[in-house]
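Peer 1: Please build the complete structure, drawing on both the sequences and the hints.
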Amino acid sequence: MSVFNEKILDGEGLRSILISGANNLFNHYPEVDALNVFPVPDGDTGTNMNLAITSGAKEIMNIRNVAIGDIGKAFSRGLLMGARGNSGVILSQIFRGFAQSIEGKETIDIQGFADAWTSGCKIAYKAVMRPVEGTILTVIRESSAHLASEVPNLKTIGEAMECLLTEAEASLARTPDLLPVLKEVGVVDSGGAGLVRVMEGMLLGLKGEIIERKQISLPHAEQEERVEALNVQSKFKNDEFGYCTEFILRLANQGLTGKKKSFDESVFKGFLESIGNSIVIVRDEELVKVHVHTLKPGAVFNYAQLYGEFVTLKVENMQEQHTHLTNGSIVTGGEKEVATAAPKETAKPTKTHKKYAIITVSVGSGLDEMFKSLNADYIVSGGQSMNPATEDFVKALDNVDADHIFILPNNKNILMAAEQAAQVSEGKDVQIIPTKTINEGLSACMMLNPDVDVETNLEEMKDAVSRVVSGQVTFSIKDTVIDDIRIKKNYFMGILGTKKIVASEKRLSDACFKLLDKMISPDSSIVTIIYGEDVSKDEAEKLATKISKEYKIETDLHEGDQPVYFYYFGVE
Amino acid sequence: MEVSRKLQRGKIDISMNAIAAIAGNAALECYGVLGMASKRKIIDGVAELLQDDSYAKGVFAISTSKGVEINMYIVCAYGVKITEVVSEVQKKVRYVLKKTLDIDFSAINVYVQGIKNIE
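One line per chain: the protein sequences are P and U, in this order. Using the working numbering, the letters of the first sequence map in sequence onto residues 1 to 572. Using the working numbering, the letters of the second sequence map in sequence onto residues 1 to 119.
No lab work stands behind these hints: they were computed from the structure. Every value quoted in this text rests on a predicted model; they were computed, and no experiment measured them. Possibly wrong hints are sitting among the right ones.
What the hints assert, rightly or not - BS3-like cross-link-like pairs, simulated, lysine-lysine; straight-line CA separation at most 25 Å:
no., chain 1, residue 1, chain 2, residue 2
1, P, Lys-500, U, Lys-66
2, P, Lys-207, P, Lys-183
3, U, Lys-99, P, Lys-488
4, P, Lys-489, P, Lys-514
5, P, Lys-489, U, Lys-99
6, P, Lys-478, P, Lys-506
7, U, Lys-99, P, Lys-412
8, U, Lys-99, P, Lys-183
Claimed, not checked - Among the chain P residues that face chain U by a calculated CB cut under 10 Å, a handful are:
no., residue
9, Gln-93
10, Lys-105
11, Thr-107
12, Ala-127
13, Val-128
14, Asn-413
Note that beta-carbon positions come from the ideal geometry of N, C-alpha and C, so glycine has one too.
Peer 2: Right under this line is the structure:
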């Protein structure tokens, strides 16, 4: 079905080459991402263009045997809907112009083909006040102009496409001369490169070699760089999250796409936190289930694939209200997944009626045990970046039967959800103790006395909370400077309270001691140490001994199993 | 109002107008942005494009306790995905300002004052 030697292009022909072009871009978009230095070096050009053109290709995927004008229209509409980022928008404009030119036509000849590209270029230029040369705009302008001037010498559509692509490639190679920043870095323009990939796919399509989508694999160094670039952007995008992304990954040493890295949950989580929120990671020996809200699901998948192969994938645009998107592609895992799929329900319902009940938020199995031993009646799993919703608290309240219920959110971010839950649960006496850290929560828990009245308990608990000085130790995911403290990537950070970073050290113990220096005063009598899942018992015990020697203070060591944070400290 | 910083060899003051000008220029290079519009639509006419020399009427920088806040009023092209254009403007303005001035921003607010048909 080669149409290379035809003089006329019809709807079916355009359809197949556009899909071929879209697939070719898909197969190469990580390369395009890597070129991205302008206008903002965030490494997303390829991803954006791919999202745009894939959305266009989807529109025409199932339309058969219609006029070329209709194909153009559908494709351009799809592109517009799916356009993301600068280059995605420009690409959508190019094909908008293309579609306008062929609108109402059954087929086009070589002249019509050239006119369509020229029109695409014109429309693309109209939407910008100050076009920057040396970008995708230059590539479309020069290549379409060249094609227009060559029309009399061309005999087939295939030749016309070849002519367009040749000039586009030449033009792309010249972009560094026009845009200094490209030359500095030593790359060609990324948007232009994306466009060339599309044209290349179209030409191969004309030759009868319709491009198929491939599994993409990224060279390691490149991946590393991209991760870096994404980190730069993360801070800015912290509060807008476009895609609900979920997948189940089978960890392996060897997968479809080559050798895999060994999985380290804290590193993995650190990466996700840099580009998303609402992160939930559940794992067993070989499977990891991940849920994250991110603007870059592609980056998440590419990164995850370094560790294993996907069992299932699901991405949903949370802004898009169309319900048809939610049908169909629901994660269907084996029993194993179903069992682990509900991380927020480490429920321990108490059916017997009590005078007092405590609902607390915990993270990590060790902490769950600690709270349980301290009379917590219901534990909501949560913590940093895994904030339980109001709904979780409402469910907790339904599961607890007591005259007075205390909620310990143990995190500032969860306080509001807890308060809302208290408001909606009618007929129950719910008291919220605004604990900001796990240590505060533990102290409050300890104070509950079933033999005294609510007010006394409340006072005692709040009093206990105010006596605790909390601190936590975690690691940094990027270089930055906060409050005059220079923080290095992968260094250990000591955080006083919940926010104030007081230490950034290469060694974990140094960070601990620097933090404790700020926490311990002459009046302090005991340090509660809760060590996380990344710390061994031996290490923790050594640290505890050292602390008690150094500060001449009593220590109380517990295994918390919490992720991300190596240690929680509470000083009283 | 200005942003000032003390260095070893003296002081650097950057006026809000200068910051606004840099932000405005960066925004105008963004794809899909056809120009700046006046903030006061009713007085100055319905979202008329500001001429090149008076585009400062469409960009404002104010200093707040959390950092500099930028408000800009733009006109977009019809038929482009506005949400993307706006987020690209924010991204680009922030990047350019950060790169050239190295100061912190509390917000970059973009108001689309009008849409212009380009066909």
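Peer 1: Against each hint, give a clear statement of whether it holds in the structure.
Peer 2: Tested hints:
1. Lys-500/P - Lys-66/U: Roughly 17 Å between the alpha carbons, so the hint for Lys-500/P and Lys-66/U holds.
2. Lys-207/P - Lys-183/P: 34 Å, violated
3. Lys-99/U - Lys-488/P: 21 Å, holds
4. Lys-489/P - Lys-514/P: 18 Å, holds
5. Lys-489/P - Lys-99/U: 21 Å, holds
6. Lys-478/P - Lys-506/P: 13 Å, holds
7. Lys-99/U - Lys-412/P: 33 Å, violated
8. Lys-99/U - Lys-183/P: 18 Å, holds
9. Gln-93: Nearest chain U Cβ about 6 Å off; hint holds.
10. Lys-105: 18 Å, violated
11. Thr-107: 24 Å, violated
12. Ala-127: This interface hint holds because 4 Å falls under the 10 Å limit.
13. Val-128: 5 Å, holds
14. Asn-413: Violated, about 19 Å.
Violation of the numbered hints given earlier is confined to hints 2, 7, 10, 11 and 14; the remaining hints are satisfied by the structure.
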